[in-house]
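The whole structure should be built from the sequences, with the hints applied where relevant.
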Amino acid sequence: NRKDYKPLHHWDPKQSSSRACGAVVICRPKEMSISLPKALLARVAREDLRLLDSNCIATENATHFVLSTSLIGCSTFNRHTDSSVIYSNKVRQVYSETVIITRDPDIQISSSCHYFRHDWQLFVCACCNACYVGEKCRHLSTLVREHLASDRASHISKHLQNSEDCRTLCSADSFHVLDHASTGFQRKIKEAIHIQREQPSLNQQLHHISLLSAAKKY
44 NRKDYKPLHH WDPKQSSSRA CGAVVICRPK EMSISLPKAL LARVAREDLR
94 LLDSNCIATE NATHFVLSTS LIGCSTFNRH TDSSVIYSNK VRQVYSETVI
144 ITRDPDIQIS SSCHYFRHDW QLFVCACCNA CYVGEKCRHL STLVREHLAS
194 DRASHISKHL QNSEDCRTLC SADSFHVLDH ASTGFQRKIK EAIHIQREQP
244 SLNQQLHHIS LLSAAKKY
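Its first residue numbered 44, the sequence shown is counted upward by one per residue in the numbering used here.
Calculated directly from the structure, the hints in this document are not laboratory data.
We treat Cβ as the ideally placed atom computed from N, Cα and C, and that holds for glycine.
One or more hints might be untrue.
[What the hints assert, rightly or not] Simulated restraints on C-beta separations:
{"hint": "1", "residue 1": "I115", "residue 2": "D222", "range": "14 to 24 Å"}
{"hint": "2", "residue 1": "E241", "residue 2": "R71", "range": "30 to 40 Å"}
{"hint": "3", "residue 1": "R122", "residue 2": "R188", "range": "52 to 62 Å"}
{"hint": "4", "residue 1": "A169", "residue 2": "Q239", "range": "21 to 31 Å"}
{"hint": "5", "residue 1": "S131", "residue 2": "D208", "range": "42 to 52 Å"}
{"hint": "6", "residue 1": "S184", "residue 2": "S153", "range": "22 to 32 Å"}
{"hint": "7", "residue 1": "Q136", "residue 2": "D216", "range": "49 to 59 Å"}
{"hint": "8", "residue 1": "R188", "residue 2": "Q239", "range": "24 to 34 Å"}
{"hint": "9", "residue 1": "S153", "residue 2": "H219", "range": "27 to 37 Å"}
[What the hints assert, rightly or not] Calculated lysine-lysine pairs in the DSS-like style (CA-CA distance at most 30 Å, straight line):
{"hint": "10", "residue 1": "K179", "residue 2": "K201"}
{"hint": "11", "residue 1": "K73", "residue 2": "K179"}
{"hint": "12", "residue 1": "K201", "residue 2": "K233"}
{"hint": "13", "residue 1": "K233", "residue 2": "K179"}
{"hint": "14", "residue 1": "K233", "residue 2": "K73"}
Below is the structure:
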């Protein structure tokens with residue numbers, strides 16, 4: 044679903060990478076691929092090019108070898124940073140069992156795709172227990188500074204501006220990360236779960252998609 048692509052997978056060409064000169068990495072909402080120019084891989088057979096899962100074999104066209112995988116397939120692994128999820132795999136040269144190997148394979152090409160990670164963050168007022176649930180892709184510390192600033196127009200800032208007691212008692216300890224998501228399906232399901240569980244009194248829009256509707260949609 045292309046609607047999930049824009050808000051969730053803010054892909055920047057600078058945030059895809061490969062160690063091979065001429066390799067092109069393409070990051071999509073649910074899959075990633077790497078294209079390798081045949082001109083740079085003289086005497087390499089298509090069937091010898093595999094991802095970390097040896098069952099994932101390259102395809103080819105007139106000019107390139109192409110290896111594609113879903114973000115959870117072909118032994119793709121991921122790691123989390125404060126703001127993103129990085130999915131990585133590796134192109135390897137795997138010889139057929141019938142080939143007599145006289146030296147180590149020449150090809151070991153790593154590739155990765157970076158996807159902004161969305162967090163659900165909870166604010167609970169230390170004075171009156173009013174709460175707010177928000178989905179953000181910025182680091183929690185950045186949002187805390189913004190919400191506690193007196194010149195901000197967020198629901199949290201307005202709440203603090205309206206009560207000196209709330210403004211005095213609230214601090215960074217009033218903010219917490221509830222959950223993370225990196226796919227459109229996770230976003231819809233987790234949004235419904237946290238809104239239903241927390242019943243945030245400071246959220247202006249409380250008519251969020253239900254769990255059943257989210258499951259049916261995806």
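Outcome of the hint check:
no.: 1; hint: I115 - D222: 14 to 24 Å; result: holds, 19 Å
no.: 2; hint: E241 - R71: 30 to 40 Å; result: holds, 33 Å
no.: 3; hint: R122 - R188: 52 to 62 Å; result: violated, 26 Å
no.: 4; hint: A169 - Q239: 21 to 31 Å; result: holds, 24 Å
no.: 5; hint: S131 - D208: 42 to 52 Å; result: holds, 49 Å
no.: 6; hint: S184 - S153: 22 to 32 Å; result: holds, 31 Å
no.: 7; hint: Q136 - D216: 49 to 59 Å; result: holds, 53 Å
no.: 8; hint: R188 - Q239: 24 to 34 Å; result: holds, 29 Å
no.: 9; hint: S153 - H219: 27 to 37 Å; result: holds, 35 Å
no.: 10; hint: K179 - K201; result: holds, 18 Å
no.: 11; hint: K73 - K179; result: holds, 20 Å
no.: 12; hint: K201 - K233; result: holds, 26 Å
no.: 13; hint: K233 - K179; result: holds, 13 Å
no.: 14; hint: K233 - K73; result: holds, 18 Å
When each numbered hint is compared with the structure, a violation occurs for hint 3 only.
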